[in-house]
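Just so you know, the protein sequences line up as chains F and S, in that order. Mapping the first sequence onto my numbering, position 23 (from 1) lands on 20, and the numbers just tick up by one. In short: position in the second sequence from 1, add 765, done, that's my numbering.
I should point out that these hints are in silico values taken from the structure, not numbers from a laboratory. Be aware that one or more of the hints could be misleading.
To be verified - List time: in silico DSS-like cross-link candidates among lysine-lysine, alpha-carbon distance up to 25 Å: (1) LYS801/S to LYS787/S; (2) LYS78/F to LYS806/S; (3) LYS787/S to LYS806/S; (4) LYS801/S to LYS784/S; (5) LYS78/F to LYS805/S.
Unchecked claim - Restraint ranges, calculated between C-beta atoms of paired labels, are given here: (6) SER824/S to ALA13/F: 37 to 45 Å; (7) LYS805/S to GLY12/F: 26 to 34 Å; (8) LYS806/S to ASP49/F: 28 to 36 Å; (9) PRO773/S to LYS65/F: 37 to 45 Å; (10) THR845/S to GLN76/F: 41 to 49 Å; (11) LYS65/F to LYS787/S: 39 to 47 Å; (12) GLY12/F to ASN782/S: 46 to 54 Å; (13) ALA13/F to PRO834/S: 46 to 54 Å; (14) HIS791/S to SER64/F: 38 to 46 Å; (15) HIS775/S to GLU52/F: 32 to 40 Å; (16) HIS775/S to LEU106/F: 29 to 37 Å; (17) SER64/F to THR772/S: 40 to 48 Å.
The beta carbon of each residue, even a glycine, is placed where N, CA and C say it ideally should be.
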Amino acid sequence: GQNIDQPTEMTATEGAIVQINCTYQTSGFNGLFWYQQHAGEAPTFLSYNVLDGLEEKGRFSSFLSRSKGYSYLLLKELQMKDSASYLCASRDNYGQNFVFGPGTRLSVLP
Amino acid sequence: ETGVTQTPRHLVMGMTNKKSLKCEQHLGHNAMYWYKQSAKKPLELMFVYNFKEQTENNSVPSRFSPECPNSSHLFLHLHTLQPEDSALYLCASSQLIAESTDTQYFGPGTRLTVL
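If we strip away everything but chain F, and leave its shape as in the complex, we get (with noise of 0.2 Å):
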């Protein structure tokens, strides 16, 4: 089966570093995915990661372990913009399946 867990909910000061974990286990795998959602928008999408190791993008980074299903997302230099739903999807084998997690909301705080 196809499954994948992130916190619900996680709090953070402006300013700060803050990790999303995301633990998945899928049938196939080809590629490991964030996507940012603002309230009342769509996804849009953060980063990739379809070998082991970090991706770096300016303040956010994404790192990913195949061998323990497990990815996370960092964000450095909190903002108060970067107060949103985080979603970890991942790719099937095939390419034709992509399954979501259910969110990790982020609140960041003054």
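Position chain S relative to chain F; hints supplied.
Frame of chain F; chain S shown alone:
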């Protein structure tokens, strides 16, 4: 117009009504998707079209009927829906479904309420 657009943005319908959701992508992509997002539940993939051909149907009830006349347009026809079908319906598109670097771009969604 750029990106992925969806109409209508909000829809209220009775259980006996028939309505259609429309999605259009202006990105030159060849794969399109319908997702359902319910409160407190993960985003659920409903249908996938690749080069106008349906490649995925994730056990979606027949009261939801997709149509993809070309690579730029995607419809979701709705009939005899249930109140539990109330949700945000998101459309997405991507360049090439089998490529590992494929990224999906989402539309703003249609907020559907079934009375």
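Hints versus structure:
1. Of the supplied pair hints, the one linking LYS801/S and LYS787/S holds, its CA atoms being roughly 14 Å apart against a limit of 25 Å.
2. With a C-alpha separation of about 23 Å, the suggested pairing of LYS78/F with LYS806/S holds against the 25 Å cut-off.
3. Straight-line distance between C-alpha atoms of LYS787/S and LYS806/S comes to about 23 Å, which keeps the hinted pair within the 25 Å bound.
4. A distance of roughly 16 Å separates the Cα atoms of LYS801/S and LYS784/S; the hinted pair therefore holds under the 25 Å criterion.
5. At roughly 22 Å between alpha-carbon atoms, LYS78/F and LYS805/S fall within 25 Å of each other, so this suggested pair holds.
6. Checked against the given bound of 37 to 45 Å, the beta carbons of SER824/S and ALA13/F, roughly 42 Å apart, stay inside it.
7. The beta-carbon spacing between LYS805/S and GLY12/F, approximately 30 Å, falls within the hinted interval of 26 to 34 Å.
8. Checking the proposed 28 to 36 Å range against LYS806/S and ASP49/F shows it holds: the Cβ atoms sit about 30 Å from each other.
9. For the hinted restraint 37 to 45 Å between PRO773/S and LYS65/F, the CB-CB distance of approximately 44 Å keeps it satisfied.
10. In this structure the supplied range 41 to 49 Å holds for THR845/S paired with GLN76/F, their Cβ-Cβ distance being about 46 Å.
11. Checked against the hint of 39 to 47 Å, the pair LYS65/F and LYS787/S passes, with Cβ atoms roughly 42 Å apart.
12. The hinted window of 46 to 54 Å between GLY12/F and ASN782/S holds, with their beta carbons roughly 50 Å apart.
13. At roughly 49 Å, the beta-carbon separation of ALA13/F and PRO834/S lies within the given 46 to 54 Å, and the hint holds.
14. In this structure the supplied range 38 to 46 Å holds for HIS791/S paired with SER64/F, their Cβ-Cβ distance being about 40 Å.
15. At about 37 Å, the beta-carbon gap between HIS775/S and GLU52/F stays in the expected band of 32 to 40 Å.
16. The given range of 29 to 37 Å is respected by HIS775/S and LEU106/F, whose C-beta atoms sit roughly 31 Å from each other.
17. Separation of SER64/F from THR772/S is about 45 Å and conforms to the stated range, judged on CB atoms against 40 to 48 Å.
No hint from the list above goes unmet by this structure.
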